[in-house]
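Trainee: Top to bottom, those sequences are chains A and B.
According to my numbering, the stretch in the first sequence is residues 1 to 426, in order.
According to my numbering, the stretch in the second sequence is residues 1 to 184, in order.
These are computed hints drawn from the structure, not numbers from a lab.
Be a bit skeptical, because a hint or two may be false.
Claimed, not checked - Here are the simulated DSS-like cross-link-like pairs (lysine-lysine), alpha carbons at most 30 Å apart as the crow flies:
| id | chain 1 | residue 1 | chain 2 | residue 2 |
| --- | --- | --- | --- | --- |
| 1 | A | K323 | B | K38 |
| 2 | A | K323 | A | K125 |
| 3 | B | K79 | A | K312 |
| 4 | A | K318 | A | K125 |
| 5 | A | K323 | B | K79 |
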Amino acid sequence: MGVFDYIWMGVLAVFQGPELFSILGIPIPITVGMIFFGFLLGIMVGATPGMAGPVAMAISLPILISVFGYHPDALLPVMGFLIGIMKGATVGGAVPAILFNTPGTPDAYMTTLDGYPMTQRGKAKKALRVAHLSSVTGDTFSDLVLFICAPFLAILVEAYLDLPEKTALLILSLSFIAAVIGGSPAKGLISTGLGLLAVYVGTGEDFYPRLSMGSQELARRFPIATSVLGVLIIGAVFKGMDDIWRERRSKGTVEPLEQVGDQRLHWADVRRLSPYIARSAVIGTMIGALPGVGSTLAATIGYTLGKARHEKGPDKDKTPFGKGAMEGIASTEAANSSVSGANLIPVLSLGIPGNAAAVFLILAAESIGGFNPGPSVFKFSTDSVNTELVAAHALDGGHGPHPQTCPAAVGPVADADRNLCAGDPH
Amino acid sequence: MSSHSRSNLITGLVFLAFAALVAFIWVPLDVETGLVEKVRRRIMIGDALAPTVAAFFIGLGGLVLVLFERKAPDQPSVKLTNVAFVGIQIAILVIGFLIMLYAGPLAVSLFSGDTEYRLLRDTAPWKYVGYFLGGIFIVAGLISQSEGRLTLRSVVIAIGVVVALIIIYDVPFEDLLLPPNGDV
């Protein structure tokens with residue numbers, strides 16, 4: 001069996017699976033249906049501040065397993081649903097970031113920097129369209145890379161990234177936080193230090209959980225996802241309330257934001273955004289392929305490089321980054337969305353999760369059985385069929401059906417269209 | 001915003017002191033192993049190293065804030081209105097949590113005779129009383145604070161929010177307790 005036979009078998013496994021229901025006599029395979037529902041749920045969850053993708057995955061997993069049971073046939077529908085949530089949440093996370101200055105997911109934080117200023121200028125719809133276009137493009141690119149390169153990338157990552165390189169990568173990400181977040185490097189450093197201190201509580205090699213002050217609660221550590229979202233969301237909510245309160249005190253009333261001017265995304269805009277989207281998609285895919293680093297770093301690097309490019313550009317009367325530049329939204333969204341496809345490379349091939357969402361995929365695979373993420377997955381045996389590789393390609397291919405397959409990504413009814421199309425096969 | 005604000009200086013000093021507290025008091029007293037450990041002539045990283053590095057980051061940030069960013073423009077300053085805002089917010093949250101904690105037991109003692117609330121904490125409708133009333137108070141209170149008036153609409157929104165949260169978190173799960181029922 002060659003590489004393409006495996007890919008083809010994977011695709012068939014998705015589309016020839018048991019029938020969920022049929023529309024006009026055309027059977028809808030259960031895996032495609034589950035991806036569609038997962039994707040819709042993901043968008044809703046991502047758009048709700050305080051409910052990140054991992055939360056929805058954590059709630060769904062036990063329910064899914066109790067519905068589908070513990071046998072290998074359950075693998076594709078369950079993983080499809082979870083991957084649908086993972087991707088939908090990234091797309092949905094941009095919505096509250098743009099409309100309310102509150103990132104729905106941590107990786108959408110950088111989207112607030114330009115998205116919310118655009119809303120304040122009355123360009124919310126346009127900002128949302130830019131976010132969706134970039135997200136969809138980045139994600140498609142990442143999926144293609146996963147589909148084609150996963151086996152080779154897996155071998156490369158394994159061969160060249162040892163502990164020193166991974167440590168260097170982590171130091172790089174810490175420096176990025178200090179340099180990029182907010183206007184003050186000193187406050188960035190302090191935030192980095194406080195974050196590090198918080199994750200060290202209750203951990204360590206020794207028998208006694210360090211910094212726990214003898215308390216059982218502290219010894220159980222701070223739950224990371226909850227803490228991160230709490231800091232980001234509660235901070236943003238209180239800041240927003242304070243702003244409204246102050247505005248009312250100074251003016252007597254709160255002015256609703258009016259949507260003004262041309263909200264459509266023109267071909268010229270797409271052309272202007274495409275270098276930013278392309279650069280961020282490549283960055284996001286590369287970062288996604290590395291084990292242990294997630295979409296927040298990709299978003300940060302994508303945004304920073306986009307900003308540097310934007311400042312050097314020839315156009316003098318452009319909107320700067322941080323003041324409502326479309327390019328800022330595009331750079332961030334393309335980067336964080338393109339992580340999600342490539343992120344499955346370390347998950348499937350090494351069994352190392354790149355982010356919290358991937359942890360649930362591994363958990364699902366291990367609970368259901370029949371698929372053990374790890375180096376054995378990508379062994380192309382020619383004499384016998386490697387069923388794990390078929391499953392891996394089924395997952396690659398299965399998580400492809402996404403809004404990107406819809407051509408009307410920039411039209412006025414794009415949102416509704418794309419959601420409807422999300423369940424369609426390629 | 002005021003250019004004469006000293007908030008960066010004060011923040012920097014506070015974090016310098018905090019970093020010193022972490023590095024010289026909290027870490028030595030609350031971590032069993034040192035910065036590095038020597039086990040069978042091999043040097044290993046001790047549990048104290050990572051938190052000390054974190055303290056170093058915090059201290060460095062504080063130092064940069066004091067030395068180089070002391071006179072940075074656009075520093076926020078704390079005014080009486082900010083204090084009032086935070087004060088009202090804390091009051092709403094505290095009262096809301098108290099209602100959440102005590103409304104259930106009160107309802108049980110008024111309408112259910114001699115049964116203890118602890119025994120009914122997973123029984124409808126008693127388990128919803130505290131969460132429902134306290135949640136409505138918090139949500140409606142915070143909306144009213146932002147709007148500067150109490151409207152029927154904010155109360156209706158609050159009821160909707162609390163009911164939606166109950167439907168999401170309580171109805172599908174048999175072994176999940178709504179607040180405050182896990183702590184009574």
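Trainee: Which of the numbered hints above does this structure break?
Mentor: Violated hints (numbers, rising): 1 and 3; every other hint is consistent with the structure.
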